[in-house]
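**Student:** Sequential numbering of the sequence shown, starting at 3, is according to my numbering.
There's no promise every hint is true.
Computed spacing ranges between beta-carbons, pair by pair [claimed, not checked]:
1. 66 <-> 106: 28 to 34 Å
2. 26 <-> 54: 19 to 25 Å
3. 54 <-> 90: 57 to 63 Å
4. 90 <-> 36: 31 to 37 Å
5. 46 <-> 123: 29 to 35 Å
6. 27 <-> 98: 25 to 31 Å
Listed below are the simulated SDA-like cross-link pairs for lysine to any residue, each with C-alpha atoms no more than 25 Å apart in a straight line [unchecked claim]:
7. 33 <-> 14
8. 33 <-> 92
9. 33 <-> 114
10. 33 <-> 43
11. 33 <-> 96
12. 33 <-> 5
13. 40 <-> 77
For the record, the hints were derived by calculation from the structure and aren't laboratory data. Each residue gets a CB set at the ideal place from its N, CA and C atoms; glycine is no exception.
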Amino acid sequence: MDAYDEDAELVRYVIDHYYLLMTPLERFGQKAALVEEKASRSSPGMAATLRRQWGAQNDPEVVAALTQGIDAFRARVAQRILRDHADEVFLNRCSACGRLTRTPLAQQCLGCGHDWHERGPEGA
3 MDAYDEDAEL
13 VRYVIDHYYL
23 LMTPLERFGQ
33 KAALVEEKAS
43 RSSPGMAATL
53 RRQWGAQNDP
63 EVVAALTQGI
73 DAFRARVAQR
83 ILRDHADEVF
93 LNRCSACGRL
103 TRTPLAQQCL
113 GCGHDWHERG
123 PEGA
């Protein structure tokens, strides 16, 4: 099995699947974080264009929110969502190993391979 980082997976899961529970500032911060990640893999000219048009420097509140880094920002957002919206967040975990699945609707664990899809007559 691959190394599994529960904290990192929890942040990824919440950020990826509960975007609508973010505040407007958090959404803009997430967008700016994605732009920064793309810019870091782009040519210098494209990176400058991306940052100018979509980056965090366009909003001082977002700049402040990202001062401790993208990972710290995402962790704070995920913690707030889990705290403020606990009844709306479904943490889909594998019944065999306890890992978070890739999505809230997944029926197979990518960690241990456990599969809980319902099998019809043709799959039995």
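**Student:** Hint by hint, say whether it matches the structure.
**Tutor:** Against the structure, the hints:
| no. | hint | verdict |
| --- | --- | --- |
| 1 | 66 <-> 106: 28 to 34 Å | 31 Å, holds |
| 2 | 26 <-> 54: 19 to 25 Å | 21 Å, holds |
| 3 | 54 <-> 90: 57 to 63 Å | 36 Å, violated |
| 4 | 90 <-> 36: 31 to 37 Å | 23 Å, violated |
| 5 | 46 <-> 123: 29 to 35 Å | 59 Å, violated |
| 6 | 27 <-> 98: 25 to 31 Å | 39 Å, violated |
| 7 | 33 <-> 14 | 14 Å, holds |
| 8 | 33 <-> 92 | 23 Å, holds |
| 9 | 33 <-> 114 | 32 Å, violated |
| 10 | 33 <-> 43 | 16 Å, holds |
| 11 | 33 <-> 96 | 30 Å, violated |
| 12 | 33 <-> 5 | 28 Å, violated |
| 13 | 40 <-> 77 | 20 Å, holds |
Hints 3, 4, 5, 6, 9, 11 and 12, counting from the list given before, are not met by this structure.
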